[in-house]
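Student: These protein sequence lines map, in sequence, to chains A and B. Residues in the first sequence are numbered from 1 upward in steps of one, following this note's numbering. Residues in the second sequence are numbered from 1001 upward in steps of one, following this note's numbering.
No lab work stands behind these hints: they were computed from the structure. Cβ coordinates follow ideal geometry from the N, Cα and C atoms, glycine included. Heads up, a few of these hints could be off.
Straight-line Cα separation of at most 30 angstroms, DSS-like style, residue types lysine-lysine; simulated pairs [unchecked claim]:
no.: 1; chain 1: A; residue 1: Lys96; chain 2: B; residue 2: Lys1029
no.: 2; chain 1: B; residue 1: Lys1025; chain 2: A; residue 2: Lys96
no.: 3; chain 1: A; residue 1: Lys102; chain 2: B; residue 2: Lys1025
Distance ranges between label pairs, derived from CB positions [said to hold, decoys possible]:
no.: 4; chain 1: B; residue 1: Glu1128; chain 2: A; residue 2: Arg177; range: 41 to 47 angstroms
no.: 5; chain 1: B; residue 1: Ala1333; chain 2: A; residue 2: Arg177; range: 52 to 58 angstroms
no.: 6; chain 1: B; residue 1: Gly1134; chain 2: A; residue 2: Ala7; range: 43 to 49 angstroms
no.: 7; chain 1: B; residue 1: Glu1285; chain 2: A; residue 2: Leu10; range: 57 to 63 angstroms
no.: 8; chain 1: A; residue 1: Pro15; chain 2: B; residue 2: His1023; range: 52 to 58 angstroms
no.: 9; chain 1: A; residue 1: Arg177; chain 2: B; residue 2: Asp1137; range: 47 to 53 angstroms
no.: 10; chain 1: A; residue 1: Pro16; chain 2: B; residue 2: Arg1178; range: 46 to 52 angstroms
no.: 11; chain 1: B; residue 1: Gly1171; chain 2: A; residue 2: Gln69; range: 53 to 59 angstroms
no.: 12; chain 1: B; residue 1: Glu1074; chain 2: A; residue 2: Leu85; range: 40 to 46 angstroms
no.: 13; chain 1: B; residue 1: Lys1118; chain 2: A; residue 2: Pro16; range: 45 to 51 angstroms
no.: 14; chain 1: B; residue 1: Leu1177; chain 2: A; residue 2: Met117; range: 55 to 61 angstroms
no.: 15; chain 1: B; residue 1: Arg1178; chain 2: A; residue 2: Arg4; range: 27 to 33 angstroms
no.: 16; chain 1: B; residue 1: Gly1171; chain 2: A; residue 2: Met117; range: 32 to 38 angstroms
no.: 17; chain 1: A; residue 1: Glu140; chain 2: B; residue 2: Asn1016; range: 56 to 62 angstroms
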Amino acid sequence: MGLRRYAGNLALLVPPFGWLTVFYLGSLFILLLSAFWQVDSMTGEIVHDWTLDNFRVLFSDVTYRIVAQRTIGIAVLVTLTDIVLAWPLAWVIARKVGPRLKLLLLVLVALPLWSSMLARIYAWRLILGHDGVLNWFLHEAGLPGQSIAFTNVALWLVFSYLWLPFMVMPLIAALERIPASLLDAAGDMGATPSQVLRTVILPLAVPGMAAGSIFTFAVTLGDYVTPMLVGGAGSDFVGNVVYSNVGVSGNVPFAAAFSLLLLVVVAGYMLVARRFGAFDGT
Amino acid sequence: MQDKAPEIVPAVSLHNLTKSYGHGKPVLKGIDLEIWPGEFFTLLGPSGSGKTTTLRLIGGFEFPDAGEISLCGEDVSRLPPYRRDVNTMFQDYALFPHMSLRDNVAYGIKIRRVPEPKRRERATQALEMVHLEGVADRRPSQLSGGQRQRVALARALVNEPSLILLDEPLGALDLKLRREMQVELKRIQKQTGITFVYVTHDQEEALSMSDRIAVFSEGRLEQVGTPQELYEHPASTFVACFIGSSNILTEAGQDILLRPEDVRVEAQGYVPSPDEAVMPGTVTEIAYLGPVTRCRVRGASEDDSILAILPSRLARGLREGEPVAAVWFRAAAYRLPASAA
Chain A
1 MGLRRYAGNL
11 ALLVPPFGWL
21 TVFYLGSLFI
31 LLLSAFWQVD
41 SMTGEIVHDW
51 TLDNFRVLFS
61 DVTYRIVAQR
71 TIGIAVLVTL
81 TDIVLAWPLA
91 WVIARKVGPR
101 LKLLLLVLVA
111 LPLWSSMLAR
121 IYAWRLILGH
131 DGVLNWFLHE
141 AGLPGQSIAF
151 TNVALWLVFS
161 YLWLPFMVMP
171 LIAALERIPA
181 SLLDAAGDMG
191 ATPSQVLRTV
201 ILPLAVPGMA
211 AGSIFTFAVT
221 LGDYVTPMLV
231 GGAGSDFVGN
241 VVYSNVGVSG
251 NVPFAAAFSL
261 LLLVVVAGYM
271 LVARRFGAFD
281 GT
Chain B
1001 MQDKAPEIVP
1011 AVSLHNLTKS
1021 YGHGKPVLKG
1031 IDLEIWPGEF
1041 FTLLGPSGSG
1051 KTTTLRLIGG
1061 FEFPDAGEIS
1071 LCGEDVSRLP
1081 PYRRDVNTMF
1091 QDYALFPHMS
1101 LRDNVAYGIK
1111 IRRVPEPKRR
1121 ERATQALEMV
1131 HLEGVADRRP
1141 SQLSGGQRQR
1151 VALARALVNE
1161 PSLILLDEPL
1171 GALDLKLRRE
1181 MQVELKRIQK
1191 QTGITFVYVT
1201 HDQEEALSMS
1211 DRIAVFSEGR
1221 LEQVGTPQEL
1231 YEHPASTFVA
1241 CFIGSSNILT
1251 EAGQDILLRP
1261 EDVRVEAQGY
1271 VPSPDEAVMP
1281 GTVTEIAYLG
1291 PVTRCRVRGA
1301 SEDDSILAIL
1311 PSRLARGLRE
1321 GEPVAAVWFR
1331 AAAYRLPASA
1341 A
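Working from the sequences, and respecting the hints, build out all of it.
Tutor: Right under this line is the structure:
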């Protein structure tokens, strides 16, 4: 009986493990390998000779360092912005409203996710464009127009908008889980409301913020669509370099090398996020 | 605790305290109460009687609709919890999960900016008092329920408040642990001399631990007194029934309390002495509880039913359905004051 159940459990695990091994780990492994190959500059064929040339170029060419810095920098900025924007919203939804209003607010937070991401990015082009909604408002108010479209500022705004719900939701979950008696207890022992926030609420909300930052940071890091649509000439992300190397120049090994770098950053980030409890609990 | 010299200021003084929650349902309908320094004072009552609300008002977690709360003579009715010299031991312990036990205990004195070496010393002392000094570096999640409860107590003690509020702190513990903690709490209260205000619905716990008890019913105080006063001279039928087991007999429209341990069971046809009363009947129920046996005797009608608690060695021969006589000394029956409501 025990053996049969064991065999049964094993059989259940075969499909997910098979899927994971072949499609996920398999393709990652090929990515790893191809990063150490090269393209023959004459024929355009991939040469399967082991070389570190791709990485040498990546680390020596200042262009790629700037792209990497921009990508990581904007991802960090977006994360911080979303944390700041999410806090008051999450606090109100988690602890201040009745169940009916709470449901309504939750739906409103999630509502943008019902429409295509592309449509929403194009909407921002209409807002930020030269003759867009923003400049119209500024003009009506007698203020000088701004040319935000196709800049890093536009990128920052649109990314922050896109991933905000993903920061709000886990933060709500984290704040809801803090028992009210903990806040009472802190006040009881002499902590002012701001001290309660700093010493009790904030540390207990860290796992929620870490979970949210997986979207705001890691997903921003890998995106190339948004920079393509709202970024300017100087707004290329790592993803855009990878995209153009695969598509335009057909240099898959170089694209693989740059992706690998991104992968290392994301993996390192995930380990940090786990330390902060991003994957704990529900 | 009677005959207080007039110059002693009460640790807690409640004057005409009222409170209702949303939809206007009154929870407290005018509470007047004085608790003296160094007392182990218990708020006792069934759930929903207002005892926990009273505690939360003293702690400052809620504010009264009307009335006044004074701590050591100072009116604190409108002050938030962090401005009151009171610490609370919460029902769910409310330990901070992200801190070690030592940091939990030291939280209050850290907030009050007690410098580090002194802080550590006081936290260790408080943990010693509850016998947990060996596990100071653990997290609350690594402790048993009983240990968490001790930490919660240490956390309240470390601030050396004039008053500690305890909200059914033993509710979640099993009976044996509960007994141990009752003794422990009482010991610590005596040792520190801090006034304890203790909320419970367990009348046995209240009797065994308290210097004085306030009995709550439906947002009012039924009676305030020592355990002995409450048990032997209850001010109302409610108090008589809530504290200990009781037989309530009616005589000329007045309730009379007869404690079951004052009732004997004799053979039918027993001839009473002039100062004894007798009710003939049959045994309807026998429950053996070890040292004592509970025995219910039913008289002529359904309503005439008397509970007797007998030493088990005297109850050995009794059988259900047996005709007997319930006997008691008239002097043991206590006339309850007519309920004024």
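Student: Assuming the hint says 46 to 52 angstroms, is it satisfied by the Cβ distance from A:Pro16 to B:Arg1178 or not?
Tutor: holds, 48 angstroms
Student: Please check whether B:Leu1177 and A:Met117 have a Cβ separation lying inside 55 to 61 angstroms.
Tutor: holds, 56 angstroms
Student: Just to be sure I understand the hint, the distance between the Cβ atoms of A:Glu140 and B:Asn1016 should be within 56 to 62 angstroms; is that true here?
Tutor: holds, 60 angstroms
Student: Would you mind confirming whether the straight-line C-alpha gap from A:Lys102 to B:Lys1025 stays at or under 30 angstroms?
Tutor: Measuring from Cα to Cα gives roughly 25 angstroms; hence the hint holds.
Student: Compare the distance between the alpha carbons of B:Lys1025 and A:Lys96 with 30 angstroms, and conclude whether the hinted pair is satisfied.
Tutor: holds, 22 angstroms
Student: Is the gap between the beta carbons of B:Lys1118 and A:Pro16 within 45 to 51 angstroms?
Tutor: Violated - the Cβ-Cβ distance for B:Lys1118 and A:Pro16, about 57 angstroms, lies outside 45 to 51 angstroms.
Student: Measuring from beta carbon to beta carbon, are B:Gly1134 and A:Ala7 in 43 to 49 angstroms?
Tutor: holds, 47 angstroms
Student: Between A:Arg177 and B:Asp1137, is the Cβ distance one that fits in 47 to 53 angstroms?
Tutor: With a Cβ separation near 24 angstroms, A:Arg177 and B:Asp1137 fall outside 47 to 53 angstroms, so the hint is violated.
Student: Take the C-beta atom of B:Gly1171 and the C-beta atom of A:Gln69, compute their distance, and say whether it sits inside 53 to 59 angstroms.
Tutor: holds, 58 angstroms
Student: Is it true that B:Glu1074 and A:Leu85 lie within 40 to 46 angstroms of each other by Cβ?
Tutor: holds, 43 angstroms
Student: Kindly confirm whether 41 to 47 angstroms is satisfied by the beta carbon distance between B:Glu1128 and A:Arg177.
Tutor: violated, 33 angstroms
Student: Is the distance from the Cβ of B:Gly1171 to the Cβ of A:Met117 consistent with 32 to 38 angstroms?
Tutor: For A:Met117 against B:Gly1171, whose Cβ atoms are near 51 angstroms apart, the range 32 to 38 angstroms is violated.
When each numbered hint is compared with the structure, violations occur for hints 4, 9, 13, 15 and 16.
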